[in-house]
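Chains Y and F, in that order, are what the protein sequence lines are. Under UniProt numbering, the first residue of the first sequence is numbered 1, with each subsequent residue one higher. Under UniProt numbering, the first residue of the second sequence is numbered 1, with each subsequent residue one higher.
Some clues are possibly wrong.
Which copy is meant is left open, so a pair is good if it fits within one copy or across any two.
[Stated by the list, open to error] Subject to a maximum C-alpha distance of 25 Å in a straight line, what follows is the list of computed BS3-like cross-link-like pairs (lysine-lysine):
no. : residue 1 : residue 2
1   : LYS184    : LYS98
2   : LYS98     : LYS87
3   : LYS87     : LYS150
4   : LYS150    : LYS53
5   : LYS184    : LYS206
6   : LYS31     : LYS309
7   : LYS53     : LYS98
8   : LYS309    : LYS126
9   : LYS206    : LYS87
10  : LYS31     : LYS206
11  : LYS140    : LYS31
12  : LYS87     : LYS126
13  : LYS53     : LYS31
14  : LYS31     : LYS46
15  : LYS309    : LYS46
16  : LYS140    : LYS184
17  : LYS46     : LYS184
18  : LYS184    : LYS87
19  : LYS46     : LYS87
20  : LYS206    : LYS140
If you're looking for bench data, these hints aren't it; they were derived computationally from the structure.
There are 2 protein chains.
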Amino acid sequence: MKLARATFTPGVLGGPGFFGGMFELPGGYLKPVLVSSCDGVGTKLKIASVMGKHDTVGMDIVNHSVDDILTCGAAPLFFLDYIAMGKLDSALVADIVKGLSTACQEVGCALIGGETAEMPGLYHGKDYDLAGFIVGIVEKDRIVNGLTIKPGDAVLGLPSSGLHTNGYSLARRVLGETPEALSKVYPGFDRSIGEVLLAPHVSYFKTLQPVMSDVKGLAHITGGGFTDNIPRSLPEGVSVRINTGTWDVPPVFELIQSLGQVAPEEMFRVFNMGIGMTVFVDPSHVSTMLAAMPQARVIGEVTAEAGRKVEIV
Amino acid sequence: MKLARATFTPGVLGGPGFFGGMFELPGGYLKPVLVSSCDGVGTKLKIASVMGKHDTVGMDIVNHSVDDILTCGAAPLFFLDYIAMGKLDSALVADIVKGLSTACQEVGCALIGGETAEMPGLYHGKDYDLAGFIVGIVEKDRIVNGLTIKPGDAVLGLPSSGLHTNGYSLARRVLGETPEALSKVYPGFDRSIGEVLLAPHVSYFKTLQPVMSDVKGLAHITGGGFTDNIPRSLPEGVSVRINTGTWDVPPVFELIQSLGQVAPEEMFRVFNMGIGMTVFVDPSHVSTMLAAMPQARVIGEVTAEAGRKVEIV
């Protein structure tokens with residue numbers, strides 16, 4: 001069984017008979033490049049199911065997708081979702097779509113369509129899956145690709161709200177995932193660990209869009225943490241040194257590290273450790289960047305060492 | 001766990017650090033409109049799992065998506081897939097991606113990215129889900145929208161290869177879904193019913209693209225059969241009469257109808273009954289259309305009855 005998504009935003013043409021839509025390309029681009037991404041929320045969905053709260057995962061998948069294409073300098077155009085469950089639960093779908101809508105509106109992205117698939121026998125009980133597809137646009141000569149990053153450039157970090165959408169397998173193993181485990185309020189926290197774990201993925205579009213012309217490269221810290229995501233943004237012949245202690249690691253990471261006795265290097269390979277996006281800039285632009293983004297911190301620098309390594313000191 | 005899709009086609013720019021890609025918009029469009037769709041394969045996946053054959057569902061999701069946006073007159077640009085399973089099975093993923101690639105290449109669509117999500121606890125045993133997302137393009141004044149359809153217009157039908165991607169819940173209930181049930185070769189068939197059920201969704205792009213300027217409207221016969229899909233393509237004030245007997249209903253539908261004692265109207269509401277796409281054309285264009293598409297049949301006509309009804313006689 002399939003349901004068309006009811007939410008359409010202005011700018012979207014008509015409503016065809018399938019679960020997508022038509023979107024007129026905005027004018028003013030000389031060589032428009034479309035940037036697209038597909039992703040899922042992963043096992044953060046399990047936390048949402050136990051907590052019975054489903055709007056934040058809707059925000060997660062949109063914000064994650066927006067941040068992914070932002071690493072190329074792209075502005076979001078439209079988004080489609082795929083929701084699959086065993087038996088249609090309209091209230092649950094409405095909650096998810098509420099989160100999708102909120103996050104799309106925040107960045108001016110059309111929620112152009114989506115599909116809700118009812119697949120008994122594949123999804124059990126209250127289980128469901130949620131994936132998202134985004135398309136954005138960037139002028140060809142404004143693509144952010146990291147090619148001009150050179151030794152001496154600064155690495156800025158923008159704060160995350162928590163785990164975002166990665167590391168939930170390890171987090172669930174360490175913290176548990178029963179209603180009792182997730183309702184626990186640990187010392188130093190003002191809410192349950194379940195609520196802490198559901199904090200929505202931060203969207204960096206509005207923060208970075210105004211300063212994008214001074215950005216040389218971006219790394220969205222998702223699955224694989226600092227270790228896997230930063231090298232993909234670097235050109236040959238350089239590496240990056242990250243100076244821990246230049247930002248406050250949120251308590252949830254310290255809790256997982258301590259309870260699970262996780263090695264520090266493993267923490268940086270699995271989690272964002274409080275930094276959701278790293279921004280590579282020329283040293284001469286650091287002060288204007290920090291003035292425009294007061295939440296940013298200089299967390300490291302680009303070094304002349306070959307091999308696109310990430311050294312965490 | 002996430003895996004980047006390895007297959008990129010020429011025309012795609014670079015490979016960013018996320019599971020999507022960059023696609024430079026083709027030139028020559030005055031007012032380019034992007035047409036997108038998101039869909040899943042549904043419980044046809046269950047048949048694929050039992051049969052241990054996974055390339056055809058890859059073709060299914062691409063062809064289904066291509067046909068969806070084709071109903072607006074759009075040509076495919078690029079496709080992304082979402083594959084989710086409990087534990088990564090590389091051979092299974094390779095089979096699916098082989099099908100995706102084959103179908104994309106067939107219509108010149110870039111397989112630009114995708115995600116493989118490993119979600120233990122959500123997907124059990126060999127279960128997996130597969131969804132797809134397509135973006136195509138059409139010049140704004142060439143959008144096919146059915147608005148000029150009028151009484152007396154002809155309804156052409158293009159043959160399907162079988163169930164395509166809809167009606168599998170009913171088919172599985174009637175035919176069974178054990179290995180024994182699916183390996184059965186029914187009288188009059190030259191292969192097992194499992195193989196018959198896995199026949200890939202037909203892509204109509206190459207057939208319809210050359211004659212698109214004479215097409216007034218299109219209905220892709222998917223979930224909801226004739227009954228739900230045709231009305232969405234019609235303007236106010238008309239209806240459609242379909243003349244059964246003008247085409248050969250494939251034996252698989254007769255088998256399901258007979259074994260399941262399914263009422264004829266239910267068959268037309270659930271299945272495509274051998275017609276995967278209906279094409280609305282002016283009567284003066286019928287002979288040239290049939291010459292260009294020898295596999296097409298005139299299966300009905302547009303009537304002056306209000307209500308966008310579908311009468312099957």
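Against the structure, the hints come out as follows:
Taking identical chains as interchangeable, the C-alpha atoms of LYS184 and LYS98 are never at most 25 Å apart, the minima being 27 Å within one chain and 47 Å between chains. When the C-alpha separation of LYS98 and LYS87 is checked against a cutoff of 25 Å, the pair qualifies only within one copy, where the shortest distance is 20 Å, while the shortest distance between copies is 31 Å. Proximity of LYS87 and LYS150 under a CA criterion of 25 Å is satisfied in neither setting, with 53 Å inside one chain copy and 40 Å between copies. For the homomeric pair LYS150 and LYS53, neither the shortest alpha-carbon distance inside one copy (44 Å) nor that between copies (49 Å) is at most 25 Å.
With identical chains, the CA atoms of LYS184 and LYS206 are never at most 25 Å apart, being 34 Å at best within one copy and 59 Å at best between copies. Taking the shortest Cα distances, LYS31 and LYS309 never come within 25 Å of each other, neither inside one copy (34 Å) nor across copies (45 Å). Proximity of LYS53 to LYS98 under the C-alpha cut-off of 25 Å is restricted to the intra-copy arrangement: shortest distance 11 Å within a copy versus 38 Å between copies. Taking the shortest alpha-carbon separations for LYS309 and LYS126, neither the intra-copy value of 42 Å nor the inter-copy value of 37 Å comes in at or below 25 Å.
Taking the shortest Cα distances, LYS206 and LYS87 never come within 25 Å of each other, neither inside one copy (37 Å) nor across copies (37 Å). Proximity of LYS31 to LYS206 under the C-alpha cut-off of 25 Å is restricted to the intra-copy arrangement: shortest distance 23 Å within a copy versus 28 Å between copies. For the homomeric pair LYS140 and LYS31, the shortest alpha-carbon distances inside one copy (5 Å) and between copies (18 Å) are both at most 25 Å. Taking identical chains as interchangeable, the C-alpha atoms of LYS87 and LYS126 lie at most 25 Å apart whether they share a chain (8 Å) or sit on different chains (20 Å).
In the homo-oligomer, the alpha carbons of LYS53 and LYS31 never lie at most 25 Å apart, since the shortest distance is 42 Å inside one protomer and 42 Å across protomers. For the homomeric pair LYS31 and LYS46, neither the shortest alpha-carbon distance inside one copy (42 Å) nor that between copies (44 Å) is at most 25 Å. For the identical chains of this complex, LYS309 and LYS46 are neighbours neither inside a copy (34 Å) nor across copies (44 Å), given an alpha-carbon limit of 25 Å. For the homomeric pair LYS140 and LYS184, neither the shortest alpha-carbon distance inside one copy (50 Å) nor that between copies (56 Å) is at most 25 Å.
Taking the shortest alpha-carbon separations for LYS46 and LYS184, only the intra-copy value of 17 Å comes in at or below 25 Å, while the best inter-copy value is 40 Å. Within a single copy, LYS184 and LYS87 get their C-alpha atoms no closer than 30 Å, and across copies no closer than 30 Å, so neither meets the 25 Å cut-off. With identical chains, the CA atoms of LYS46 and LYS87 are at most 25 Å apart both within one copy (17 Å) and between copies (16 Å). Taking the shortest alpha-carbon separations for LYS206 and LYS140, only the intra-copy value of 21 Å comes in at or below 25 Å, while the best inter-copy value is 30 Å.
Of the numbered hints listed earlier, those contradicted by the structure are 1, 3, 4, 5, 6, 8, 9, 13, 14, 15, 16, 18.
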